[in-house]
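> Produce the entire structure from the sequences given, and follow the hints as far as they go.
One letter stands for each residue in the lines below.
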Amino acid sequence: MRLGSIELTNFRNYETLSLDLAPTTTVVIGDNGTGKTNLVEGIAWLALGASFRGASDEAMVRVGQDKAFIRGEGVRQDRALQVEVELSRVGRNRVLVNRQRLQRVADLGDALQVTVFAPDDLKLVKGGPANRRILIDRALGSLAARNRATQQEVDRVLRQRNTLLKQAHGRRTAEIESTLDVWDQKLSTSGDALIASRVALIKRLAEPLTLAYDTLARGRSDVSMTYRASSHDLPLLAALAAVRDDDIRRGTTTVGPHRDEVALAIGSMPARTHASQGEQRSLALSLRLAIHRLLIETLGATPLLILDDVFSELDDHRARALLSEIPVGQVLMTTASSLPATAEPERVLSVAELVGEGAS
Amino acid sequence: MYAPPLQTLIDELGRMPGIGPKSAQRIAFHLLKIPSTDARRLADAIVVVKDRVSSCARCFNVCEGDLCEFCEDGRRDGSSVCVVEDVRDVVAVERTGEFRGLYHVLGGAISPIEGIGPDQLRVSELLERIEAESISEVILAMNPNIEGEATAMYLARLISPLGVSVTKIASGLPVGLQIAAPRFAEPLILVLAKLVQRANPIGWPAWADKY
Numbered sequence: 018m019r020l021g022s023i024e025l026t027n028f029r030n031y032e033t034l035s036l037d038l039a040p041t042t043t044v045v046i047g048d049n050g051t052g053k054t055n056l057v058e059g060i061a062w063l064a065l066g067a068s069f070r071g072a073s074d075e076a077m078v079r080v081g082q083d084k085a086f087i088r089g090e091g092v093r094q095d096r097a098l099q100v101e102v103e104l105s106r107v108g109r110n111r112v113l114v115n116r117q118r119l120q121r122v123a124d125l126g127d128a129l130q131v132t133v134f135a136p137d138d139l140k141l142v143k144g145g146p147a148n149r150r151i152l153i154d155r156a157l158g159s160l161a162a163r164n165r166a167t168q169q170e171v172d173r174v175l176r177q178r179n180t181l182l183k184q185a186h187g188r189r190t191a192e193i194e195s196t197l198d199v200w201d202q203k204l205s206t207s208g209d210a211l212i213a214s215r216v217a218l219i220k221r222l223a224e225p226l227t228l229a230y231d232t233l234a235r236g237r238s239d240v241s242m243t244y245r246a247s248s249h250d251l252p253l254l255a256a257l258a259a260v261r262d263d264d265i266r267r268g269t270t271t272v273g274p275h276r277d278e279v280a281l282a283i284g285s286m287p288a289r290t291h292a293s294q295g296e297q298r299s300l301a302l303s304l305r306l307a308i309h310r311l312l313i314e315t316l317g318a319t320p321l322l323i324l325d326d327v328f329s330e331l332d333d334h335r336a337r338a339l340l341s342e343i344p345v346g347q348v349l350m351t352t353a354s355s356l357p358a359t360a361e362p363e364r365v366l367s368v369a370e371l372v373g374e375g376a377s
Numbered sequence: 006m007y008a009p010p011l012q013t014l015i016d017e018l019g020r021m022p023g024i025g026p027k028s029a030q031r032i033a034f035h036l037l038k039i040p041s042t043d044a045r046r047l048a049d050a051i052v053v054v055k056d057r058v059s060s061c062a063r064c065f066n067v068c069e070g071d072l073c074e075f076c077e078d079g080r081r082d083g084s085s086v087c088v089v090e091d092v093r094d095v096v097a098v099e100r101t102g103e104f105r106g107l108y109h110v111l112g113g114a115i116s117p118i119e120g121i122g123p124d125q126l127r128v129s130e131l132l133e134r135i136e137a138e139s140i141s142e143v144i145l146a147m148n149p150n151i152e153g154e155a156t157a158m159y160l161a162r163l164i165s166p167l168g169v170s171v172t173k174i175a176s177g178l179p180v181g182l183q184i185a186a187p188r189f190a191e192p193l194i195l196v197l198a199k200l201v202q203r204a205n206p207i208g209w210p211a212w213a214d215k216y
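If you read the protein sequences in the order shown, they are chains A and B. Each residue of the first sequence is one higher than the one before, starting from 18 at the first, in our numbering. Each residue of the second sequence is one higher than the one before, starting from 6 at the first, in our numbering.
In silico EDC-like cross-links for lysine to aspartate or glutamate, where the CA-CA straight-line distance does not exceed 20 Å:
hint, chain 1, residue 1, chain 2, residue 2
1, B, Lys173, B, Glu142
2, A, Lys53, A, Glu32
3, B, Lys173, B, Glu90
4, A, Lys220, A, Glu278
5, A, Lys84, A, Glu24
6, A, Lys183, B, Glu119
7, A, Lys183, B, Asp124
8, B, Lys173, A, Asp198
9, B, Lys55, B, Asp71
Derived from the structure by calculation, the hints contain no laboratory data. Because the structure is a prediction, the values reported are computed rather than measured.
Structure representation (structure tokens):
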């Protein structure tokens, strides 16, 4: 899979922007505040069907405009690939792949895959469990459409169950109990499936994660990733039954895949609280690298790799180690300053060139 | 602003489901153009529907009179009841020509988000019918979505202890479907997912399995 040209119209700060990606490494240089991350956000939208940094669709539309457009053209399995996205401030988004309208935006991931490394990734290690659940769930979603279907079902059932719990106002009537029984059953079926797939993915990531971390941190350390289910390894149905009193009192579902933790540790210490800033940064990069590798192996296609302003945060050794670890494929790097000498870009462009008359 | 009677018509049409302001305007201008006999016929049809069509006292299907055509038809098998969410589902099941029993229209599916619980549906009426009409078989024909499945599960738990046979309609891919048709993408994923779930919990292809 290779992406060629990208066009953004009324997207974020850009009136128009066009960019031609080289088959190997393209570098985009621009001062801070010129919108490098906005460009990354536009490209990543084509694969994720959402902002990679969790911003609303409305935020994608340039101030004073009603609609934003993103267009990407490339090649996938020797065939032309064209992805077009129209984002509306009000109303539904339109997504076309090779001029065919997609029913579900989430299915964009089947057409195009992108891995983004960003300075913000530190939150994968330092931030709350939701950051890590999203990381794992997105990877699962890229691996199989059925994982996306399971995730959507879990979300929907949870919304129904939580609404019912709120409506109960702490009362345990026969009707609420019997309806809860049904939602517990539905949540446990889809929830157990989601948990099983997360656990399986985490197991698969163990080896690539250790390899990546040892290269970046120069040495052998015992990094580990462990799934900690809020249901404490009980089947979800039993766990839900055990906390029902609590759930009714609090008006929300207190166990389930939405409350689970993906614990990261270096040695025997939790990375979130005990690792140094440098170790945390290496670990965050290693997580992205390990998932990127796994996607390449299992999808048989190499996702476009985007390194958004990543090198400014890394010391020289880590920067070079990261470059050496990147699998062969198409890469886009953005930077405000110079890159490590080993980056060897095929094409170097400035943000000013991409938006102004300077763009060819 | 149009003349008040016309504007009133546009506003009223605009309150219909699926009719936006533009469609409302188009229909209103069309009605202005047509002969008054045609307009009168439409108006009469609306009035007659409101006067004469009500819901069946037994199964809550739409009908003219007290009971619907199925409940009145002595040749139907009264011991077997097919439970559906909506009146339109009765027509869908009937079109298959496979079912010769009676119906029961619930009036929706359990969905707390929309404020619908068992009390908002005709569940107690169903239980009363099972008792009073000595029904021996209940077929649950809910929509195959999350809310429909939850409703079917709820009813099955309620009815099974009464010693009545309870079955759910099969969910899956219809015979003769085109797998490539986009609207089947979702059911296809679900059916295939059930087939491979246990063997392969994450979902990568077997050829990639080298660990």
